[in-house]
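**Student:** Chains as they are written, first to last, in my numbering: chain Y, 6 to 113; chain L, 19 to 469.
These aren't lab readings, by the way, just hints derived from the structure by calculation.
Note that beta-carbon positions come from the ideal geometry of N, C-alpha and C, so glycine has one too.
Where hints are given, some of them may not hold.
Claimed, not checked - A short, non-exhaustive set of chain L residues, derived as facing chain Y with CB atoms under 10 Å: (1) 43; (2) 46; (3) 52.
As the list claims (entries may be wrong) - Derived lysine to aspartate or glutamate pairs resembling DMTMM-like cross-links, with alpha carbons at most 20 Å apart: (4) Y/73 to L/110; (5) Y/37 to L/110; (6) Y/73 to L/54; (7) Y/26 to L/54; (8) L/169 to L/110; (9) Y/81 to L/110; (10) Y/10 to L/110; (11) Y/37 to L/31; (12) Y/37 to L/57; (13) Y/40 to L/110; (14) Y/73 to L/49; (15) Y/81 to L/48.
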Amino acid sequence: MNVSKDLIAASATPLILAILKENDSYGYAIIKRVKEMSENQLIWTEGMLYPVLHRLEEQQLIESYWNKSEAGRQRKYYRIKDTGLNELELQKQQWEVVHTALTRTWNQ
Amino acid sequence: MFELEIQIQSWSDHLRARGNFTDADISELEDHLRDEIEDLIAAGLAPDESFLISVKRLGNVDAVSHEFAKVNTENLWKHLFIDPVDSIAKKESRRDIFLVVIFALLAGTLIKIPGLFGLGFDDLGADHFYLRNMSLFILPFIAAFFLIKRKANRKTWSIIMANFIIAALIINIYPSFSPYNTEILSSLHLPLLLWLIVGAAYIGRKWQSSQGRMNFIRFTGEMLVYGVLVSAGVMVCGMFTMAIFKAIQVDAGKFLGEYYVVYGACAAVFITAYLVEAKKSVVENFAPILAKIFSPLFLVIMVSFLVVMIITGKSPFMEREFLIAFDLMLALVLGLVLYVISSRNDQQPPNLFDYLNLALILTALLIDGVALSAILFRLSAFGITPNKVAALGENLILLGNLGGLAWLYIAYFKKKLDFIKLEKWQTGYLNVYFIWTAIVAFIFPILFGFY
């Protein structure tokens with residue numbers, strides 16, 4: 006199924022924050038994780054992910070650090086900050102509201 | 019050899035040169051690229067493929083890679099980004115169409131010129147003249163078309179054109195006496211010979227390479243198929259013109275016969291050559307598909323013929339017409355087999371069509387063997403004529419070709435050799451056709467005293 010661009014863009018921030026809440030991660034792994042969690046329904050492009058990551062970093066919701074990968078390469082990891090955790094809670098509530106409303110209308 | 023490390027390096031160098039990225043950004047993207055490549059390689063792709071796909075996927079980071087691709091034109095992934103309809107390709111295509119128009123006009127005019135000197139189509143003795151020279155009016159221009167397209171050097175130009183000129187001189191200088199057997203034989207074999215020379219122009223510098231020759235064989239098949247389609251279009255157009263002019267009581271027949279047919283035929287040939295050349299490798303080729311449809315059908319026909327021949331006990335007659343019919347059968351089988359072969363990937367394992375091919379060849383060999391023995395047996399009683407020798411020679415050469423293919427096919431099925439050997443043998447066999455057609459066209463008349 007093709008999820009609309011707008012919906013993908015809107016859900017990007019909560020998804021990234023939620024993934025980083027589990028543990029620190031990096032761009033390539035985040036894309037794979039999203040793909041996996043959505044059972045291949047959400048395919049993110051690199052062109053979309055990195056700008057979002059950099060924006061979140063600017064907004065002080067996440068921070069980055071360099072570490073060695075398994076193959077010994079330098080890799081940029083992202084870690085969620087306390088402000089990010091708060092933001093995630095906020096987003097969660099918002100999506101909860103939307104989700105509940107949608108479910109109710111569809112089940113009536 | 020594809021150097022992955024160097025390619026990645028040149029990719030990140032380019033990002034750096036763009037100036038929009040910090041070093042950190044670039045390292046991050048490069049790490050991403052490598053992860054992607056590693057995963058694709060792990061999934062079974064070759065390093066170069068993995069690189070191409072990864073770069074393409076990363077391409078939409080601020081459309082950077084797009085910029086990057088445009089500048090580094092030496093690299094192989096440029097094809098993925100640069101619009102195929104770029105200005106150079108456009109220019110070339112426009113030039114080709116221009117050449118097609120010019121050559122069609124030139125060839126058509128060349129055909130009309132002898133008419134000015136009392137050798138028009140309807141004039142006495144002209145039919146032999148046109149039969150002799152028909153291929154010379156058109157084929158040199160096709161050769162020229164490819165020489166221009168391949169940017170041939172002066173030496174290639176002169177060798178190819180010298181061939182045409184020498185052929186033209188010989189064929190027109192040779193005397194000819196009733197019943198004109200040798201002359202007609204020369205006239206029929208010359209186009210085949212000259213077509214192979216066009217082949218040399220088509221393939222270009224590597225005219226001896228197996229791959230180039232295989233492409234030419236493919237090209238010949240596509241030419242035939244498309245040629246029939248285009249000619250049908252030209253004919254329909256002509257008939258339509260006749261019909262509408264008839265409605266206003268004007269007979270367009272004379273004009274059409276004198277100009278439309280001549281120029282239309284020339285144009286059809288050049289348009290076909292242009293089309294086949296322009297669309298090659300972009301779309302799946304058409305001739306192999308036709309061959310795949312008809313080779314099973316033809317196999318059924320031939321097997322039933324063989325069975326009926328055995329049951330009724332009637333052997334094929336020895337008349338020359340029948341000999342020629344069997345030549346045609348072999349040529350047709352060879353064509354079907356070749357086009358199945360030419361559409362095939364060397365690496366792919368034997369499939370149904372390979373077995374069908376072998377069955378087709380073996381049946382053809384069997385039928386021809388029976389026919390040939392009957393013909394040979396009775397030929398000795400009736401003496402030699404040029405026609406019989408030519409028909410017999412053709413039969414033997416086609417037989418040799420098919421027999422060789424059958425032999426190699428069997429060895430291939432037994433895994434004794436690679437498929438590429440089969441192709442090499444077939445492309446090498448083109449030399450035999452070249453020599454034989456040259457012998458019939460130029461030496462037969464001398465041997466048989468021009469009768």
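**Student:** Could you work out which of the previously given hints the structure breaks and list their numbers from low to high?
**Tutor:** 4, 5, 7, 9, 10, 11, 13
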